[in-house]
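S.K.: Each chain, written out:
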Amino acid sequence: MKIRSRDLRILCIQYAQALIITVILGGILIRAQGESPTEALKYILEGAVGSPTAIANTLRWATPCMFTGAAVTLAFKSGIMNCGIQGQVYTGALIAAIIGYALPMPKFLHMPICILAAGIVGMLYALIPALMKLYLKVDELITTLMLCFVATYLTEYIVIWMIIGEKVDATRSMANTSPNILETAEIPKLIQGTSTSYGLFLGVAVLIIISLVYRHTVIGYEMKQMGENLSFSRAGGVNTSKMFLGVFLISGFIAGLCGGVEVTGSYGRFNINFSGNIGWDGIMIARIAGNNPLSVIAVSLIWGALKAGSMQMERMTSLNRLSVNIIQMLFVLFVAIDYEKLIAEFNRRKATAKFKRQEEMKC
Amino acid sequence: MLRIFFGTLTLAATVRLATPILIASVGSCFSHKIGTFNIAYECFMLFGAFFAAYGSWLTGSPAVGALCATLSGVVLAAVFGIFVFHLNANPMIVSIALNLGAWAVTTLLLTVIWGVRGTFISPDIISFKPLKLPIQGGLAYLGEIFGNHIILVYIAYVMVFVAAVLMYRTSFGLRIRGIGINSIAAETAGINVLRYKWAALIIMGASVGFSGAYLSLSGLNSFSENMTAGRGFIAFASTLVGDGNPLICGAIAVIFVYADALTLTLTSLGYPTQLTKMLPYLAVLLVLMVGGIRNIKNQSTI
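Protein chains in written order, with this note's numbering: chain A, 1 to 363; chain B, 364 to 665.
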């Protein structure tokens with residue numbers, strides 16, 4: 001994957017310009033709320049990388065981003081609009097939590113089984129839209145979106161009415177989490193006393209594997225080809241249906257893993273609707289990373305740093321954590337601009353104007 | 364059983380709750396037909412709901428609130444249009460950023476303006492008053508279903524037919540459909556494609572923003588964080604399933620909302636809310652499945 005110097009220049013322009021505009025608008029936003037932007041930035045950095053705990057927080061929030069970013073990259077690179085990451089994460093997480101608290105197992109077996117089961121359930125949940133697309137020709141964008149909402153309510157129902165309902169009746173309306181998982185099911189913590197676990201490395205590993213598959217294998221090439229030009233890859237002899245199903249299921253599997261790692265690594269139980277926009281985050285991260293699996297790692301770290309930093313900022317200033325969210329969205333908006341086309345358009349117009357001038361001079 | 368499915372309570376709730384979905388999905392038929400991909404419904408609707416509440420709170424007039432909602436939808440649609448039409452950004456990413464941004468911005472405004480987190484309820488937010496329709500006598504059953512709603516409800520149903528006429532009986536609608544089928548051919552025929560794309564987008568923004576006004580001005584006198592709660596996506600689903608035909612979209616929207624209205628009755632009978640809340644989404648999936656059955660005989664390719 002060689003990057004031509006021209007591409008690199010455009011890429012630099014793209015990110016630099018997005019960053020500058022975002023910083024200016026973000027500064028105005030913070031200033032409008034009566035706080036100093038530099039002060040806010042200082043607290044964000046302090047909360048993100050200022051101390052070992054801060055770094056642990058950054059890594060903790062980067063972990064789910066890596067998994068969802070990987071799931072989205074995989075799907076979107078093959079032209080599959082898997083917007084149901086959230087549903088796959090939730091179903092996977094619930095299974096991990098249930099196996100984690102209800103089935104005592106030896107230590108070396110329990111945790112892998114939890115995570116693996118989470119992945120498989122996420123995969124099965126992705127099977128529904130995949131089959132609907134293959135056999136009924138229903139657009140997977142809309143089915144995955146709807147299944148997101150279904151999963152949110154379904155997991156809520158299972159936790160409140162089936163898990164908590166039979167354990168403690170009195171507090172049914174109060175508690176909305178499943179019981180804590182057993183110690184054997186927990187992923188060992190990377191940094192003691194925080195909720196950062198070795199699950200981080202699983203996320204990095206998944207992304208590196210995807211990157212290697214894309215670079216060095218025929219299947220990886222076919223997967224990319226399918227997203228770039230479906231009819232070409234079909235004409236080239238790729239079984240697109242089989243490939244579609246495979247990629248969709250692996251995407252669901254990775255999303256399920258995310259749920260499993262969140263439960264066994266960080267929360268230790270299933271909280272209802274624990275992360276409202278984890279799937280959307282994944283799509284945005286994949287987009288900023290330009291659908292490149294290795295860049296997803298870097299963008300996830302930035303995403304995690306912003307999340308950890310914004311919490312610190314909220315504690316220290318009167319600013320709301322949502323300000324950082326808004327700034328993030330602004331950055332996404334400006335990175336989404338297609339500068340290559342804009343520059344081409346600009347050059348074309350300049351050339352036309354020049355041509356016209358020359359014509360006029362001749363006359 | 365019959366009372367659950369055809370009782371006046373359920374049907375009246377269907378008529379009422381269909382309002383935002385109908386307005387949003389019918390208005391976005393145009394941008395769907397012209398081929399603009401846009402799933403920023405939640406964003407436009409949420410902003411609409413917020414500014415409806417804000418306008419009504421400032422002036423004491425629900426009509427001004429609805430106007431503010433419409434304007435906010437138009438402004439956001441313009442933002443979307445600038446990014447997608449002029450800066451060539453990926454419409455999906457712009458939509459997602461706008462959706463999440465809208466949630467953050469409205470929640471922030473909620474804390475900045477009213478100083479509350481979560482829900483702001485105030486008698487100063489004036490809602491629309493229900494109209495008493497003079498339906499009496501043997502038609503009491505219909506009267507209970509169709510009478511006694513706020514004016515937005517009736518506007519929504521009128522809009523369906525207006526949109527259908529605009530789409531299929533005017534040159535504007537013809538051009539929009541033509542651009543959707545083949546934009547290059549339309550351009551060759553001398554149509555300014557970009558201008559029509561903008562017009563369709565503005566119609567969509569205005570109507571989805573306007574639909575948000577129903578949420579906050581229908582008698583609750585409140586605005587709460589993430590008030591739309593997936594309604595935008597339901598509207599998106601009905602536009603997609605109806606393929607941009609306002610009449611079919613309207614009918615589909617009513618089916619989805621019927622499932623939503625059943626929630627109210629079923630919950631009062633003791634069914635868990637979590638299960639009944641799933642009904643509209645399951646209804647969407649079911650409709651999609653039924654619609655797809657005719658494709659089942661074809662080879663399973665994508």
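No lab work stands behind these hints: they were computed from the structure. Predicted, not measured: the structure shown is a model, and the values here were computed from it. Honestly, I wouldn't trust all of these hints.
Stated by the list, open to error - Chain A regions said to be covered by chain B (calculated; three or more residues, Cβ under 8 Å):
id, segment
1, 202-216
2, 290-300
Stated by the list, open to error - Computed beta-carbon distance windows for the label pairs:
id, chain 1, residue 1, chain 2, residue 2, range
3, A, G237, B, A552, 56 to 62 Å
4, B, L472, A, T184, 55 to 61 Å
5, B, I554, A, D139, 23 to 29 Å
6, B, I484, A, D338, 41 to 47 Å
7, B, A552, A, G34, 53 to 59 Å
A virtual CB, placed ideally from N, CA and C, is assigned to each residue, including glycine.
S.K.: Taking the hints in turn, state whether each one holds.
M.R.: Hints versus structure:
no., hint, result
1, 202-216, "violated (count 0)"
2, 290-300, "violated (count 0)"
3, G237(A) - A552(B): 56 to 62 Å, "violated, 40 Å"
4, L472(B) - T184(A): 55 to 61 Å, "violated, 47 Å"
5, I554(B) - D139(A): 23 to 29 Å, "holds, 28 Å"
6, I484(B) - D338(A): 41 to 47 Å, "holds, 44 Å"
7, A552(B) - G34(A): 53 to 59 Å, "holds, 55 Å"
Violated hints for the displayed structure, listed by number in ascending order: 1, 2, 3, 4.
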